[in-house]
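A.B. asks: This is what each chain is made of:
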Amino acid sequence: MRKLLKRRSHKAGLSPGSLVHIGELRQAAPRVEVITYDREKVDISHPDLEKECLLPSPEGTVTWVNLEGIGRMELLKRLGDCYGIHPLVLEDIANSEQRPKAEEYDTYLFVVLKMLTPLAAGVSSEQVSLVLGSGWLLTFQEGLDGDPFSPVRERLKNAQGRIRSQGADFLAYSLMDIIVDNYFLVLEQVADSIEVMEEDLMRSPSQRTLAEIYRLKRELLFIHKAIWPLREVINSMIRRESQLVNESTLIYLRDLYDHTIQVIETVETLRDMLSGMLDIYLSSVSNRMNAVIKVLTIIATIFMPLTFIVGLYGMNFKYMPELEWKWGYPAVLLLMVAVTLGMLIFFRRKKWL
Amino acid sequence: MRKLLKRRSHKAGLSPGSLVHIGELRQAAPRVEVITYDREKVDISHPDLEKECLLPSPEGTVTWVNLEGIGRMELLKRLGDCYGIHPLVLEDIANSEQRPKAEEYDTYLFVVLKMLTPLAAGVSSEQVSLVLGSGWLLTFQEGLDGDPFSPVRERLKNAQGRIRSQGADFLAYSLMDIIVDNYFLVLEQVADSIEVMEEDLMRSPSQRTLAEIYRLKRELLFIHKAIWPLREVINSMIRRESQLVNESTLIYLRDLYDHTIQVIETVETLRDMLSGMLDIYLSSVSNRMNAVIKVLTIIATIFMPLTFIVGLYGMNFKYMPELEWKWGYPAVLLLMVAVTLGMLIFFRRKKWL
Amino acid sequence: MRKLLKRRSHKAGLSPGSLVHIGELRQAAPRVEVITYDREKVDISHPDLEKECLLPSPEGTVTWVNLEGIGRMELLKRLGDCYGIHPLVLEDIANSEQRPKAEEYDTYLFVVLKMLTPLAAGVSSEQVSLVLGSGWLLTFQEGLDGDPFSPVRERLKNAQGRIRSQGADFLAYSLMDIIVDNYFLVLEQVADSIEVMEEDLMRSPSQRTLAEIYRLKRELLFIHKAIWPLREVINSMIRRESQLVNESTLIYLRDLYDHTIQVIETVETLRDMLSGMLDIYLSSVSNRMNAVIKVLTIIATIFMPLTFIVGLYGMNFKYMPELEWKWGYPAVLLLMVAVTLGMLIFFRRKKWL
Amino acid sequence: MRKLLKRRSHKAGLSPGSLVHIGELRQAAPRVEVITYDREKVDISHPDLEKECLLPSPEGTVTWVNLEGIGRMELLKRLGDCYGIHPLVLEDIANSEQRPKAEEYDTYLFVVLKMLTPLAAGVSSEQVSLVLGSGWLLTFQEGLDGDPFSPVRERLKNAQGRIRSQGADFLAYSLMDIIVDNYFLVLEQVADSIEVMEEDLMRSPSQRTLAEIYRLKRELLFIHKAIWPLREVINSMIRRESQLVNESTLIYLRDLYDHTIQVIETVETLRDMLSGMLDIYLSSVSNRMNAVIKVLTIIATIFMPLTFIVGLYGMNFKYMPELEWKWGYPAVLLLMVAVTLGMLIFFRRKKWL
Amino acid sequence: MRKLLKRRSHKAGLSPGSLVHIGELRQAAPRVEVITYDREKVDISHPDLEKECLLPSPEGTVTWVNLEGIGRMELLKRLGDCYGIHPLVLEDIANSEQRPKAEEYDTYLFVVLKMLTPLAAGVSSEQVSLVLGSGWLLTFQEGLDGDPFSPVRERLKNAQGRIRSQGADFLAYSLMDIIVDNYFLVLEQVADSIEVMEEDLMRSPSQRTLAEIYRLKRELLFIHKAIWPLREVINSMIRRESQLVNESTLIYLRDLYDHTIQVIETVETLRDMLSGMLDIYLSSVSNRMNAVIKVLTIIATIFMPLTFIVGLYGMNFKYMPELEWKWGYPAVLLLMVAVTLGMLIFFRRKKWL
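Residue numbers (numbering that gives the first Met the number 0), protein chains in the order written: chain A, 0 to 352; chain B, 0 to 352; chain C, 0 to 352; chain D, 0 to 352; chain E, 0 to 352.
Because the hints were derived from the structure by calculation, they are not lab data. Here a beta-carbon is modelled for each residue, glycine too, at the ideal position from N, C-alpha and C. Check each hint, because a few of them may be wrong.
Straight line, CA to CA, 27 Å or less: simulated DSS-like cross-link-like pairs of lysine-lysine [unchecked claim]:
| hint | chain 1 | residue 1 | chain 2 | residue 2 |
| --- | --- | --- | --- | --- |
| 1 | B | Lys317 | D | Lys317 |
| 2 | C | Lys349 | D | Lys350 |
| 3 | E | Lys224 | A | Lys100 |
Not the full set, but computed from the structure, chain A residues with beta-carbon under 8 Å of chain E [as the list claims (entries may be wrong)]:
| hint | residue |
| --- | --- |
| 4 | Gln206 |
| 5 | Leu209 |
| 6 | Tyr213 |
| 7 | Arg217 |
| 8 | Leu220 |
| 9 | Lys224 |
| 10 | Val291 |
| 11 | Ile292 |
| 12 | Phe302 |
| 13 | Gly310 |
| 14 | Tyr312 |
| 15 | Leu322 |
| 16 | Glu323 |
All chains, please: the whole structure from these sequences, using the hints.
C.D. replies: Structure, rendered in structure tokens:
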């Protein structure tokens, strides 16, 4: 089970800006990839960050530095020094529990996002940080599950769409767009689970259905937490009128904002549906309890009088004239049939049968 | 059952602005209709969009281009090129899952709405997009169920009301007014279902009543989702003071805004009523369980002592003086009558009978 | 039972501004009353609107035109033409389902209110519209139940209070004040019902109590819907600083605003109380179920062992030494008394008795 | 029981500003006290308001007129005339159901508060109105339970604290401070009740506990209603920057605002705790029902098979070989012991014992 | 158990600004520590406040006065006089029930915080007040549990991080940062408890689980109350643009603000999880009741018919032919086996077995 809170304890008391990685240390050796492109050509390299400092590229070209694996603090620090990034920003990048946010600094814009990927069982969450400067873009991934940015890399190589002719801000938008598109995949998976479970609920609700409802509820809570701040992040990028974001990219960001709202609304709808299913589950449990108690009552109500009657004629009194009668036994049998029928009619009337 | 989420998966990773239709592909061949009118005359044509480009009409006349069926991407693209519409707008039009919104561009205003139509079983939802320019209006329907705009078309032909003497903005308003009026029809249908169910609830609540309550709850949730953003859409059209919307049309838009508020309030009221009915259902179920348990208790409480008594005198002890008495049997019968009466009085006192 | 929604279906598709009455058509022939007054004199007339046009009266006097019955469209239209009122305003007046609102036009202020009157069974709601011009006031009532404005009429005739020396705005305020005062009467009636029911709840909660709770809940929901927008209406009249409302009247409107807030708070309090009563009801139902089950358990727990014992000595084994003992029967009786006492002590300990 | 709504019915239809006392008429003859003070001296008098008009005192001194008992309308009216107070303000003072508020007029500031006093059973609420002018302060109490202002009176007489050297605004603040301090006393009382009840709940929850929870809930609702608007009242006094309130007093008002927030938060916390206790109560009731049903089931499950067995050998068939066996009886007894033990082990496994 | 409300009763009626300590008086003798530092050197002293007045240090150095133990009023008063602090501020410092807040005065900024420390059983809360002047910082702790500020003291001594080269505002930030870091520790502890309990809930939910859920709920409510206002406190420090806070420190404060938001969100998530666990608990209780009732019903349904049958042949009628049959007894045994099997098949079908 996913830990509720990642440990931060070892950080308490350290001076602020201290670079300490918070989060799991699953990732392997960090990989650096630098893509430089302009309208004409694309250049991909994998430099050794510890040796050469990456300086911004000449005007007209865009440099995209993608670092996978944020556990190596020296790399972060060196990259930060090269591009003049504030230590607190680096601290946020290293902290994989950072809340999504957008902050503007003098020469760059800092954005933190959560990327969700649907897994076989549940959802994987990975933090993606973007630092957008004039003509360059740094991206930081935890590098846990697969490489989500490959479609953009392909488009860059093949010069598809308008991406090669636009600046670093459009590149940043394109990456964020992929992340938001992934949210839809995750929600589709959840919606599928809900539909499957809904049929279960109709046919045979069990304690397991309940556990599944709560698992999905929790998953949606988790997704909601990851997505909710994104809305404010994109909105603040739109309103801020930073010089780093071109007018023409703003329209695309607005479109992205729309998608984010749609994701949030879908999450709410799915949550509402789960609540409804929980109610149905509880009510069906209570209905089945009703049915059980009805059976008990019917059985008891029929057999208790009968048992009394046969007990009556099992008494050993010396003077019980009925016992001597020839037709006593058949008469009692008839009486019991009559009592049973009366009860059955009573139940019919009460609509219990 | 309606799918919870329409698939967007095939879109993830495409470059933004790519024209991909999202939604069901029920619609037949797209139909184009162009209506040009001024105070004097009305002209209706069905041009082949792929051949001739539709250019705005001369001053003083209004051109209304209505496209039914948004599944053919080339048509959308061609229309967009003719009228200078941004690719992202076209993408939104093609995406039948778009959230209602209003956006202003340099030369046109873009509005997305959901049109609801009452069906025999439930509600049909169709997306309607409007692009309002100076002197022209483009409308895009999915073209699923019937043609909702025919009353406006009739009014245009017959020169009823003020529609012929007003601009394209008034035409847009008239179409939106029809859409909002349709919401009332849908809510009337829901209200009818609620009233029918309410009587059911009083007479014979069943598991089916519960399912119906949840079906209606879900329907209202769906309607709410379609209507809620409309309020903001119309409000933003009023406050924006676009040059595309005349002062005189603003009063009508304000009236439309009022209607939207009324629709929203009605939805809330109906939801509140459904919640109340759910409570009544649950409480009536629990009351019936009470009644069943009471019957069980009464039967058990009367017959258990009686069965004990007859069992007592069914014992085979050699020395049981009562068994020899002449009046033993009648005495025991009397005792049992007394016990039964006592129990009945006890139940009367407890108001169980 | 009150219909949930008044039919609007016949309106869908009509051109906006079409005068169609929405609502019940209970009212009889419309009655027109014109009161003209200044500091010196009062003049009351009942003109035939279809013949003479009512023009604003000379400066210094106030003209109050009161129209009871809004079902006759020609009358509304004629009055609207005389005073230069926008068709959409007339449409709102004719629509008895209009939501309370205040709108300012160039030469007049348009206010829609709901007037509630306590009836023997429930509450009657009637729509009142006011059009306040400079020196004149038009009021429109549905004219369903009694005449609420008579106290103002009396004050005008008898020159009581400051009403004769103030303008049309003070007259409008006075009428609105009466409407808000009526809300208190309605709430008093509801509060009385709640108090009666509260005693019922303590003594003998029944399914009927539950139905009554829901009836009152619904009534409060209905009242809430009528009153809630009023707050915004009066507030907007205060803040708007219209030239039609004098400074001196503003203080009175603020007072009216206070009263409205108080009405709303009272509604909320009553709703909270009803919720509390519902909880008490449900908990008392569950307590009674507990009591019933306890009785069942006590009876079963006492008599099942006893019945077993007497059954034991009812067996027909040849070799059962106890049966031959002289003191067997009394010993068994004693045993059974002991078992019963033990059970009773057990129940006492468990606090079931 | 406290009436839910005080009657206002006799007021409906009166001209606004009519002085009619709303509320209970418990109070005795109104008492007037006038305190005039400056840095040097204090002067206390009890003038007969109906004879002499109280005019503001010379500059540098502060006049505090305290009127206990607001049922005598002539007194209010006369005082209002002397100090030039608007009839609507007097109407609000006379209406003991007035909502707390602060209103600024040209020459005075009008504040209405609710003062709560803890009583043996519950809480007493009394309305206090303050009219703060330049150099004078009028206060109006209902005069129901005790005199809350005596500490201030003492401080004035003894020249304690800074009160004698400050203006009428500081006097008004001091009185409001006492009122807010009293809220803490009331909440302490409620918190005590909750703590007592909490122990009850752990040891022996009963129907009475439930009633007590609801009584306290209602009390908190009542307190909340009285306190909530106070926050806005004090806030508006701070922001308004009235010339009647000195800069130096503002700091004290801000402090008072803090206290009000704290009172409100305490009320919320207590409400949350009551809700939690309600949940615990309901869950413990349901647990006890579980326990009862378990006892029933255990008894029935043990004795029903036993009773069947003894019944079996109570049959009168001629050919039942077991009955003739010598060890038949002991064998059956052993069988029954085995059945009982089996059942007990079954219950142990199910953790019912 | 923690008292719900600390007593304030002895304060009611005192003149405002009176220095009275509110809260528990656990703390020992107050300890004063003065640290003066600049880039070059650090100086620590423990002066006797009652003798020497602490005056601000020369420019370029920072003076940090830390007072542990706020129960000695004279100390507070003397320190307040030295630094020119308003009596109301001192009153707030002495009141350990003060709500977190930030207030700006002419020459200093006053901040109140709650510091939470995880204890073995539950959470300890301590109030920390900061008064930030130009070049000096006063801090006030209750001094209950341990010394949270030692890491900062160490950093000062060892000249770690940037703290020695920054002003008093950075020192204040560093202390607040420690307090917020401590919140994470507290939440980790709560999260651990929840995880432990979650497993309990799956394996064997008991009444004790319920009590634990409520204990944690209450703890989170308590934490929430302490943390919630902090957000507004830090936000107001950021927006206020006080001259006491340098531009460079603002970035750190913004980072702190982010952490606060994250703390608040974690609290909400934990609360949501507790609610979910409560639902699961309640539903599992109801499931177990269902299981118990099912056992009862199965037993009763099988044995009641059997007992009836054996009772039937226990009757003493003279003429009961079956009793004489040779195979009567085996036939009845067979019949009973058949009945039992029939019942078991019935239960299987109903999925009760």
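A.B. asks: The hint names A:Gly310 as touching chain E; please verify it with the least Cβ-Cβ distance against 8 Å.
C.D. replies: Because about 6 Å separates A:Gly310 from the closest Cβ in chain E, which is inside the 8 Å limit, the hint holds.
A.B. asks: Does A:Leu322 meet its interface restraint, that is, does its C-beta lie within less than 8 Å of any C-beta in chain E?
C.D. replies: holds, 5 Å
A.B. asks: Is the shortest C-beta separation between A:Lys224 and chain E less than 8 Å?
C.D. replies: Where the cut-off is 8 Å and the nearest Cβ of chain E is about 7 Å from A:Lys224, the hint holds.
A.B. asks: For the pair supplied as a hint, B:Lys317 and D:Lys317, confirm whether the alpha-carbon distance does not exceed 27 Å.
C.D. replies: holds, 20 Å
A.B. asks: Does the interface hint hold: is A:Ile292 within less than 8 Å of chain E, judged Cβ to Cβ?
C.D. replies: holds, 6 Å
A.B. asks: Per the CB criterion, is A:Tyr312 less than 8 Å away from chain E?
C.D. replies: At about 4 Å, which falls below the 8 Å cut-off, the nearest Cβ of chain E leaves the hint on A:Tyr312 intact, so it holds.
A.B. asks: So, as I understand it, the hint says A:Phe302 touches chain E; can you test that by seeing if any CB pair is closer than 8 Å?
C.D. replies: At about 4 Å, which falls below the 8 Å cut-off, the nearest Cβ of chain E leaves the hint on A:Phe302 intact, so it holds.
A.B. asks: Are A:Tyr213 and chain E close enough, Cβ to Cβ, to be under 8 Å, as the hint says?
C.D. replies: holds, 6 Å
A.B. asks: Close enough to count: is the Cβ of A:Arg217 nearer than 8 Å to one in chain E?
C.D. replies: This hint holds: A:Arg217 lies near chain E, its Cβ roughly 7 Å from the closest one there, short of 8 Å.
A.B. asks: At a threshold of 8 Å, is the proposed contact between A:Leu209 and chain E supported by beta-carbon distances?
C.D. replies: holds, 6 Å
A.B. asks: Does A:Val291 pass the interface check with chain E, least Cβ-Cβ distance below 8 Å?
C.D. replies: Constraint on A:Val291 satisfied, holds at 5 Å.
A.B. asks: With a cut-off of 8 Å, does the beta carbon of A:Gln206 approach a beta carbon of chain E closely enough for the hint to hold?
C.D. replies: For A:Gln206, the interface hint holds, since the closest Cβ of chain E sits about 6 Å away, which is under 8 Å.
Checked against the numbered hints above, the structure violates none of them.
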